[in-house]
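Asks: So you can see what is in the structure, the chains are spelled out below.
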Amino acid sequence: MRVTVELPQVGESVVEGIVARWLKEPGELVQMYEPVAEIVTDKVTMELPSPVSGRILRFLVEEGAKVPVGTPLLEIEALSGSESELAGDQEGDRVGRLFEEERPVGPTGGGALPEEVGETAVKGAEDKGASGEGAAAPVEKPWYSPAVRRLAREHGIDLRTISGTGLGGRVTKEDVLAALAQRGVQAEEEHVKVTPIRRLIAENMQRSAREIPQAWAMVEVDVTGLVLYRERIKEEFQKREGVKLTYLPFVLQAVIEGLKRHPHLNARWAEEHIVLRRRIHLGIAVATEQGLLVPVIRDADQLSLTGLARAVHELTQRARQHRLTVEDVQGATFTVNNTGALGVVLSRPLVPPGQAGILTMEAITQRVVISTDRAPHALSTDVEESLSSLVAPTLSVRYCMNMCLSFDHRILDGAEAAAFLRTVKHQLETVAHE
Amino acid sequence: MGEKSVIEAIREAMREEMQRDERVIVLGEDVGARGGVFLATQGFLEEFGEARVIDTPLAEASIVGIAVGAALKGLRPIAEIQFADFAWPAFNQLLGEAARACYGSFGHVRVPLVVRIPYGGGIRGGLYHSQNVEAYFFHTPGIKVVAPATPYDAKGLLKAAIRDDNPVVFLEHKKTYRLVRGDVPEEDYILPLGKAEVKHEGSQITVISYGLVMHYCLQAARKLTSEGISVEVVDLRTLRPVDRETVLGSVRKTGKVLIVHEDNRTGGVGAEIAAILAEEAFEYLDAPIRRLCGPDIPTMPFAPTLEEAYMPTTEKIVAALRELAAY
Amino acid sequence: MDEVIALGRRHEAAGLTHEDLLSLYATMVLVRALDELILVLNRQGKAPIGIPCRGHEAAQMGSAWAALKDGQCFFFPYYRDLALKITVGVSAHEVLLSFLGKAGDPFSNGRQFPLQGADLRRRIIQLSNVVAAGLPQAVGYAWACRYLGEKTVVLAYFGDGATSEGECHEAMNFAGIHRVPIVFFCENNGYAISVPQRKQMAIENVADRAAAYGFPGIVVDGTDLFEVYEATRRAIEHARVNGPVLIEAKVERLSPHTTDDDDRRYRSREDLEQARRRDPLQRLRQYLLQEGLLTAEQEAAIWERVRRQVEEATRQAEEAPYPSATTLWEHVYAS
Numbered sequence: 001m002r003v004t005v006e007l008p009q010v011g012e013s014v015v016e017g018i019v020a021r022w023l024k025e026p027g028e029l030v031q032m033y034e035p036v037a038e039i040v041t042d043k044v045t046m047e048l049p050s051p052v053s054g055r056i057l058r059f060l061v062e063e064g065a066k067v068p069v070g071t072p073l074l075e076i077e078a079l080s081g082s083e084s085e086l087a088g089d090q091e092g093d094r095v096g097r098l099f100e101e102e103r104p105v106g107p108t109g110g111g112a113l114p115e116e117v118g119e120t121a122v123k124g125a126e127d128k129g130a131s132g133e134g135a136a137a138p139v140e141k142p143w144y145s146p147a148v149r150r151l152a153r154e155h156g157i158d159l160r161t162i163s164g165t166g167l168g169g170r171v172t173k174e175d176v177l178a179a180l181a182q183r184g185v186q187a188e189e190e191h192v193k194v195t196p197i198r199r200l201i202a203e204n205m206q207r208s209a210r211e212i213p214q215a216w217a218m219v220e221v222d223v224t225g226l227v228l229y230r231e232r233i234k235e236e237f238q239k240r241e242g243v244k245l246t247y248l249p250f251v252l253q254a255v256i257e258g259l260k261r262h263p264h265l266n267a268r269w270a271e272e273h274i275v276l277r278r279r280i281h282l283g284i285a286v287a288t289e290q291g292l293l294v295p296v297i298r299d300a301d302q303l304s305l306t307g308l309a310r311a312v313h314e315l316t317q318r319a320r321q322h323r324l325t326v327e328d329v330q331g332a333t334f335t336v337n338n339t340g341a342l343g344v345v346l347s348r349p350l351v352p353p354g355q356a357g358i359l360t361m362e363a364i365t366q367r368v369v370i371s372t373d374r375a376p377h378a379l380s381t382d383v384e385e386s387l388s389s390l391v392a393p394t395l396s397v398r399y400c401m402n403m404c405l406s407f408d409h410r411i412l413d414g415a416e417a418a419a420f421l422r423t424v425k426h427q428l429e430t431v432a433h434e
Numbered sequence: 001m002g003e004k005s006v007i008e009a010i011r012e013a014m015r016e017e018m019q020r021d022e023r024v025i026v027l028g029e030d031v032g033a034r035g036g037v038f039l040a041t042q043g044f045l046e047e048f049g050e051a052r053v054i055d056t057p058l059a060e061a062s063i064v065g066i067a068v069g070a071a072l073k074g075l076r077p078i079a080e081i082q083f084a085d086f087a088w089p090a091f092n093q094l095l096g097e098a099a100r101a102c103y104g105s106f107g108h109v110r111v112p113l114v115v116r117i118p119y120g121g122g123i124r125g126g127l128y129h130s131q132n133v134e135a136y137f138f139h140t141p142g143i144k145v146v147a148p149a150t151p152y153d154a155k156g157l158l159k160a161a162i163r164d165d166n167p168v169v170f171l172e173h174k175k176t177y178r179l180v181r182g183d184v185p186e187e188d189y190i191l192p193l194g195k196a197e198v199k200h201e202g203s204q205i206t207v208i209s210y211g212l213v214m215h216y217c218l219q220a221a222r223k224l225t226s227e228g229i230s231v232e233v234v235d236l237r238t239l240r241p242v243d244r245e246t247v248l249g250s251v252r253k254t255g256k257v258l259i260v261h262e263d264n265r266t267g268g269v270g271a272e273i274a275a276i277l278a279e280e281a282f283e284y285l286d287a288p289i290r291r292l293c294g295p296d297i298p299t300m301p302f303a304p305t306l307e308e309a310y311m312p313t314t315e316k317i318v319a320a321l322r323e324l325a326a327y
Numbered sequence: 001m002d003e004v005i006a007l008g009r010r011h012e013a014a015g016l017t018h019e020d021l022l023s024l025y026a027t028m029v030l031v032r033a034l035d036e037l038i039l040v041l042n043r044q045g046k047a048p049i050g051i052p053c054r055g056h057e058a059a060q061m062g063s064a065w066a067a068l069k070d071g072q073c074f075f076f077p078y079y080r081d082l083a084l085k086i087t088v089g090v091s092a093h094e095v096l097l098s099f100l101g102k103a104g105d106p107f108s109n110g111r112q113f114p115l116q117g118a119d120l121r122r123r124i125i126q127l128s129n130v131v132a133a134g135l136p137q138a139v140g141y142a143w144a145c146r147y148l149g150e151k152t153v154v155l156a157y158f159g160d161g162a163t164s165e166g167e168c169h170e171a172m173n174f175a176g177i178h179r180v181p182i183v184f185f186c187e188n189n190g191y192a193i194s195v196p197q198r199k200q201m202a203i204e205n206v207a208d209r210a211a212a213y214g215f216p217g218i219v220v221d222g223t224d225l226f227e228v229y230e231a232t233r234r235a236i237e238h239a240r241v242n243g244p245v246l247i248e249a250k251v252e253r254l255s256p257h258t259t260d261d262d263d264r265r266y267r268s269r270e271d272l273e274q275a276r277r278r279d280p281l282q283r284l285r286q287y288l289l290q291e292g293l294l295t296a297e298q299e300a301a302i303w304e305r306v307r308r309q310v311e312e313a314t315r316q317a318e319e320a321p322y323p324s325a326t327t328l329w330e331h332v333y334a335s
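Residue numbers (my numbering), protein chains in the order written: chain A, 1 to 434; chain B, 1 to 327; chain C, 1 to 335.
None of these hints come from the bench; they were simulated from the model.
The beta carbon of each residue, even a glycine, is placed where N, CA and C say it ideally should be.
Take the hints with a grain of salt, since some may be wrong.
To be verified - Heads up, simulated DMTMM-like pairs for lysine to aspartate or glutamate below, C-alpha to C-alpha not over 20 Å straight-line:
(1) Lys253/B / Glu174/A
(2) Lys24/A / Asp243/B
(3) Lys195/B / Glu174/A
Claimed, not checked - For each label pair, taking beta carbons as the anchor points, the in silico distance ranges come out as:
(4) Glu245/B / Val195/C: 20 to 30 Å
(5) Ile203/C / Glu46/B: 52 to 62 Å
(6) Asp208/C / Tyr189/B: 53 to 63 Å
(7) Asp55/B / Gln44/C: 25 to 35 Å
(8) Arg318/A / Ala320/C: 19 to 29 Å
(9) Glu46/B / Ile177/C: 19 to 29 Å
Could you put the whole structure together from the sequences, leaning on the hints where they help?
Replies: Okay, here's the thing in structure tokens:
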């Protein structure tokens, strides 16, 4: 029985998906629940399982196509049984040679010695015979065969630029292939196919740039205390909790505090009103070989430092192993990006559509700073004393980390953005004092 | 390795299988003392005895019917229908009974039967010694249909058919019996049913064929190759199940296809292949699918002019290929 | 029951014991009860087709009993052989599964018309509805048994209509030439659906044709259990050594052809009344009562047991599942 498999509804907001690639071929056998295709929806890749055991009949959609939910994707013939395969190998003249009769000898043959038909015995092609029929010329207007159209699509060729050598001036497959070969020789550029993830990222970023008026602010954070603190506890933490303690959980805690005090950063623009969200779901950007993925820690404010560390670890693992589900990447209310892990000290991220802001944590560097611990002496009447206190400031080496905030200027202004940054900065600078 | 004709290869296949397995028996008209009207079973009566080589009454329905009964009991009978033109009375037992026995008994019984049928024309046989009957068998689920064109294929496929637990119709083009010769290994080998073979590789046009006219296709392919048109010839070898993979693979490579068979055009094997190609290789077609077949006339007439007009010939195939190449 | 003539201990002469008779009687009662039930199920719309064997019981059961006693027989029955199949061991439950087209039907798992396909445990093959197509197969099967060194005798069953088919002739011809160990058993009830014998053949007895094929043919009263039993016993012995025997059992068809047939269109009620006088169940019952082999209490007990058996079998069969659609593709080919 023929079964049609459609693109299922896999998440609330999912309305379409891209068939990234087929994992089987037409004609191949497939087991029930075996994955038949990779589907990309909203930045996550999922595998589409076969609903039946059977044989793949045909695909109804090509690789790379974006289709709405409910679109029929492939047909499977639910069947069982298999055909056994026996091997044979070949040598010699297995094809055999055809011989001709000298004279007719009746239906069972017997009698005349056969004479081999030579190549030269083939006469010229004059009569079409009762069984052939004339080939029709293709229709008048530019007509492209399925093979020609496929090649043009795959290689991005404008068929109007190719002259045809086929019947009636038709552009043939060979004509297209020849044009491609020519092109390859002259090309200064290389065309790289856009992957489904790349396409999704491109769309999101384009939307962000187009719809959101973005402003940007930055603070420097003295994370010396944090660095030393982490250094002190990280081994015991790892042993006790089984996961690494990075800087990110600390940053997330600080961000959570910031979002609580400055709720306009945990909001979204809804034209008629600004929607302040009560719950805090933090998106954490993870770089993978396929592209940037942003899994979400839901209700991050309910988690302890340990909880945050675990969540970060788990989501990062799954992201890198392509095991994120649609739920994993939905619903972030604010995003944090650890650009510092890439060695960058300054960046200008794009606000994800639907959020108010995105914060980066840049690379932690060591800097020489003029210590402001000691309050400057009050200016004294004694000029020498004042001067000496001025020319002998305390220099120290501190760990510094920049944090950059891009924000939706429709929702908030620089003042509030700065306030948020100050809160975050303060949290991080006072970590060791808890 | 020796050179053999198709009929010699067929005879060898049966002899080897009968030596190998006592359950293999042969029955049909004239198969015993005469050795078969085409000498397919020459020497068998002497070697295997009357119990295993049975001269049946002139009654095709029961030739197959009794073979079905014997197969139900576990023998592996090879029933010979003397000419395809006389197979019609046997259709009931072959298509109505044997093809459905396994399915209709939920697998409780099986029918490991081979029915060998000489078929085809070009031998001045007239309306009742030239018929092609493959389309009727081809259409029926539950049987397998084999149509080799070379001695090597005939021997390997017949052995496989005898060892297969399903009813197999083994179609032998009678004109190839003595007039196609080729290399056949001495050692035991079988060829899998359901696998086509590319007999001539090419890149521009695929020709799909079987039986005698496959050789005409090869001649045409060689001629065109010498003219710079690269033609690939696919010999189906087994009609049911058809080897979709090889057929589709070839057409996806070349983009142009000509299907050639001697059988009547309408509803022939070519029609089904064309449908499969249209369904599953549409995106790869650079020209309409073409068929070159026997016309819709009740078989080849006796007079030579009429027979020649009917038959697909090398010349007709060359002409069709040239047209396709130019498309 | 004017026709019943007391002949002394006929059953003993035939080689049947008292136990045999009671068993056969109980089985015949079960057959009759199932026959009636299937008609009811058909009228209720639950069984698409009912194929009655009323009137044929003694012919089927007497021959089957002889084959069972022989112990080395195989059966190629035809569509009306309900009584035969029950005699050789198909249970009431299985019969009903088959008529309802349920999974677990031993012949074809619900793919074929009732009791058709192959039940090898009961040594039955019946592949199709094409009349007489099974006869060459039966001959080939029997021939193959001998080829393999077995002593098996095949019993091939068919009606009067089947003898007109070319394949019947071809089967008998081949069997005669090669002295195949087969008993051809014709249940002649005088009708092929509506076509009476005089339009089916120019002769009085199907058995007369056997001579044309070079083997013996005998006519028996198909409503007489003992005559059938004895004739079959001897035929099996003969067939094993000397080749085919054709037994023509004259029976009455006491029901229409199937539940799809209305025989009032072509059969007079007088004719039917006349036929009912030869009801084999009544005949056997009369014999048992007259010979003191069956008491009223025993009879009542048998009917009661059968009634419960059939009720239980019906309930179970109605509850049984149909074959799953996922099995549709299985066994198109043997692997």
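Asks: Now look at each hint and say whether the structure bears it out.
Replies: Hints versus structure:
The suggested pairing of Lys253/B with Glu174/A holds, with an alpha-carbon distance near 12 Å, which does not exceed 20 Å. A threshold of 20 Å between alpha carbons decides the hint, and for Lys24/A with Asp243/B the separation of about 19 Å falls inside it, so the pair holds. Restraint check for Lys195/B and Glu174/A: not satisfied, since their Cα atoms lie roughly 30 Å apart, outside the 20 Å limit. Distance hint check: the CB atoms of Glu245/B and Val195/C are about 53 Å apart, inconsistent with the given range 20 to 30 Å.
Checked against the given bound of 52 to 62 Å, the beta carbons of Ile203/C and Glu46/B, roughly 43 Å apart, lie outside it. At about 55 Å, the beta-carbon gap between Asp208/C and Tyr189/B stays in the expected band of 53 to 63 Å. For Asp55/B paired with Gln44/C, a C-beta distance near 55 Å fails the hint of 25 to 35 Å. Between Arg318/A and Ala320/C the beta carbons are some 48 Å apart, a value that contradicts the proposed interval 19 to 29 Å.
Between Glu46/B and Ile177/C the C-beta distance comes to about 21 Å, which sits within the given range of 19 to 29 Å.
Violated hints for the displayed structure, listed by number in ascending order: 3, 4, 5, 7 and 8.
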